[in-house]
Amino acid sequence: MAETERDTRTIVPAGPPVIAPGHTIASVTDQIGGMVLTRHTPRVWLAGFAVAFLLVMVLLYAVAYLLARGVGIWGIKIPVGWGFAIVNFVWWIGIGHAGTLISAILLLMHQAWRTSINRFAEAMTLFAVACAGMFPLLHLGRPWYFYWLFPYPSTMGVWPQFRSPLVWDVFAVSTYATVSFIFWFVGLIPDLATLRDQAQHWFPRRLYGILAMGWRGSAIHWRRYEDVYRLLAGLATPLVVSVHSVVSFDFTVAIVPGWHSTIFPPYFVAGAIYSGFAMVLTLAIPLRAVYHLEDFITLRHLDNMAKVLLATGLMVAYGYFMETLMAWYSGNRYERFMMMNRVLGPYAWVFWAVMGCNVLAVQACWSRRVRANVPALFAVALLVNLGMWLERFMIIVGGLHRDFLPSSWGMYYPTIWDWATLIGSIGLFLSLMFLFVRLLPAISIFELRQLVARPEYARSET
Amino acid sequence: MSALYGLMAEFDNPEDLVRAARRAYQQGYRKMDAYSPYPVEGLADAIGFRHTRISLLVLMGGIIGGLSGFCLQYWISVIDYPLNVGGRPYNSWPSFIPVTFELTVLFGALAAVLGMLGLNRLPMPYHPVFNAPRFALATRDRFFLAIEAGDPQFDREQTRRFLESLMPQGVSEVEP
Numbered sequence: 001m002a003e004t005e006r007d008t009r010t011i012v013p014a015g016p017p018v019i020a021p022g023h024t025i026a027s028v029t030d031q032i033g034g035m036v037l038t039r040h041t042p043r044v045w046l047a048g049f050a051v052a053f054l055l056v057m058v059l060l061y062a063v064a065y066l067l068a069r070g071v072g073i074w075g076i077k078i079p080v081g082w083g084f085a086i087v088n089f090v091w092w093i094g095i096g097h098a099g100t101l102i103s104a105i106l107l108l109m110h111q112a113w114r115t116s117i118n119r120f121a122e123a124m125t126l127f128a129v130a131c132a133g134m135f136p137l138l139h140l141g142r143p144w145y146f147y148w149l150f151p152y153p154s155t156m157g158v159w160p161q162f163r164s165p166l167v168w169d170v171f172a173v174s175t176y177a178t179v180s181f182i183f184w185f186v187g188l189i190p191d192l193a194t195l196r197d198q199a200q201h202w203f204p205r206r207l208y209g210i211l212a213m214g215w216r217g218s219a220i221h222w223r224r225y226e227d228v229y230r231l232l233a234g235l236a237t238p239l240v241v242s243v244h245s246v247v248s249f250d251f252t253v254a255i256v257p258g259w260h261s262t263i264f265p266p267y268f269v270a271g272a273i274y275s276g277f278a279m280v281l282t283l284a285i286p287l288r289a290v291y292h293l294e295d296f297i298t299l300r301h302l303d304n305m306a307k308v309l310l311a312t313g314l315m316v317a318y319g320y321f322m323e324t325l326m327a328w329y330s331g332n333r334y335e336r337f338m339m340m341n342r343v344l345g346p347y348a349w350v351f352w353a354v355m356g357c358n359v360l361a362v363q364a365c366w367s368r369r370v371r372a373n374v375p376a377l378f379a380v381a382l383l384v385n386l387g388m389w390l391e392r393f394m395i396i397v398g399g400l401h402r403d404f405l406p407s408s409w410g411m412y413y414p415t416i417w418d419w420a421t422l423i424g425s426i427g428l429f430l431s432l433m434f435l436f437v438r439l440l441p442a443i444s445i446f447e448l449r450q451l452v453a454r455p456e457y458a459r460s461e462t
Numbered sequence: 001m002s003a004l005y006g007l008m009a010e011f012d013n014p015e016d017l018v019r020a021a022r023r024a025y026q027q028g029y030r031k032m033d034a035y036s037p038y039p040v041e042g043l044a045d046a047i048g049f050r051h052t053r054i055s056l057l058v059l060m061g062g063i064i065g066g067l068s069g070f071c072l073q074y075w076i077s078v079i080d081y082p083l084n085v086g087g088r089p090y091n092s093w094p095s096f097i098p099v100t101f102e103l104t105v106l107f108g109a110l111a112a113v114l115g116m117l118g119l120n121r122l123p124m125p126y127h128p129v130f131n132a133p134r135f136a137l138a139t140r141d142r143f144f145l146a147i148e149a150g151d152p153q154f155d156r157e158q159t160r161r162f163l164e165s166l167m168p169q170g171v172s173e174v175e176p
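Chains as they are written, first to last, in the numbering used here: chain A, 1 to 462; chain B, 1 to 176.
Some hints could be false.
[Unchecked claim] Computed footprint of chain B on chain A, listed as stretches where at least three residues anywhere in the stretch have a Cβ under 8 Å from a Cβ of chain B:
1. 173-183
2. 219-231
3. 239-250
4. 269-277
Bear in mind the hints are in silico, worked out from the structure with no lab data behind them. Backbone N, C-alpha and C fix where the C-beta goes; we use that ideal spot for every residue, glycine too.
Isolated chain A (complex conformation) (with noise of 0.2 Å):
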């Protein structure tokens, strides 16, 4: 009868522990604040930060002229109205997808492994949340009248229109970032509690308690506490799946060819977290290695995500086999056009590069061994991202370039300023994530004490 017995919601991982053996509750409390509790800033932090922080500077600069001079300093020119402004917003939309399910649905499916990697994946959805927002809002042309596409009551007596994607859009991306922000931030109050009663200097003290709202712990308030942290959970998940849905529709309520394709929202989805896993590998690996977290982000983390990532990167592969096969199958000559122009046209490079990036490096996985092996998984994860830009590039300037007539084909030159504002983009999110990882708790130090208080997460062998 020790089947019944076992407490059925919990999987005790089998292999490899989720956490080193040997730590204490109070252990893994002292190395995590003391990540963000200590005068000491590595080095590789602040050569990092410098890099990052002048692209910021280079981000500032592309605005600021686009603010003066407008659109037409990027590439972007009729036929191809939709430049690299969206291609990193889909991108960027994209990552943050990853965050959202290693925190809600994996919590749902009590993963105890999510516990030391959710924080810091849930902080990379909101900065690439943030990222992503920015790129339609600069695409609009007028950026300071933004707040048009909100429904409010103006004198103007015009409304936004419902029938459209885009207006769906801006509620899909801004109950996002809101939801995200609240649902880490939550999980931020009993660590940043902890952060300020582990404070020596009064500076800290102070900051880290207005922000911990005056968290005690009591039995009462943690009750409410996991309640809802369980229903964001199950409202984020829903949620995640929906937003790039809707981003998918942008596309798919079009008439374009390569646009306008019913597979677009679940390939969009897993497009997304593919993404978004290969960015959480980029982040973790070099996290672990400067931090010294390898007994917290464990071979066995890398190894659980690199799944994922050969599941999620198998599901984009099905998807492009069913876009092709849809364009011979269908019939219609602008689909099977469209395809025949992606796969030989002038941006034939982009299409094989996205299918080497995409679908054969990923396969790497399959092995143990790669798996294993930090270099080669950080190899694969650079270029899925890479793979998933350009995927993006491929299906919204290889649909717009040559559409139904000859006579308005063309072709899109992206100029100094849309890789000045990608590249920019990167350097804002990297800052964030490395602002983040010196002044917040980069692992949940609660939840990895609710995991060594559970010996059987941290033994090796079962």
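For chain A, the structure is supplied; the task is to place chain B on it using the hints.
Below, chain B without anything else, positioned relative to chain A:
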């Protein structure tokens, strides 16, 4: 005798705390609270707290969000600013689903978090339990049980003796 918020016993593991909380409840104490560095299963039950009412709040938030989302779009598209787009009906409800859904989630999530903060009475700039000498460890690795002076059964000497009988690491008086 100085004023007192209550008496606080310190434990070094969650099992002792849950046991102590249960004993205190059996003794008839009601105005008490337990403090732990992570959520301990069964602790809230042990001090007699059962219903969080959070799920009801989220349900209400979601319903209000969904209704207001749909009504907003209906009112704009049908009543205040009817616009014929390609012959589609003014009330093209399938197009209104995404925004309705997003607002359902948004209001539900906000109700959850604001509801929790409200019911927990946070932010709270001052609370007497922080006067307990070793209470800073409640967010690190120690577990505390506080019986408040406002409890009708509370008696400085008897309650202290009772708490000491629970084998704590120590018992301290907490100033208000």
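Hint check:
Figure legend: the stretch 173-183 of chain A, annotated as covered by chain B; annotation consistent (5 residues with Cβ-Cβ distances under 8 Å, at least 3 required). Given a C-beta distance limit of less than 8 Å, the hint that chain B covers the stretch 219-231 of chain A holds, as 11 residues qualify and 3 suffice. Here the stretch 239-250 of chain A counts 4 residues with a CB under 8 Å from a CB of chain B, which clears the bar of 3, and the coverage holds. Requiring three or more residues with a Cβ within less than 8 Å of a Cβ of chain B, the coverage given for the stretch 269-277 of chain A is violated, as only 0 such residues are present.
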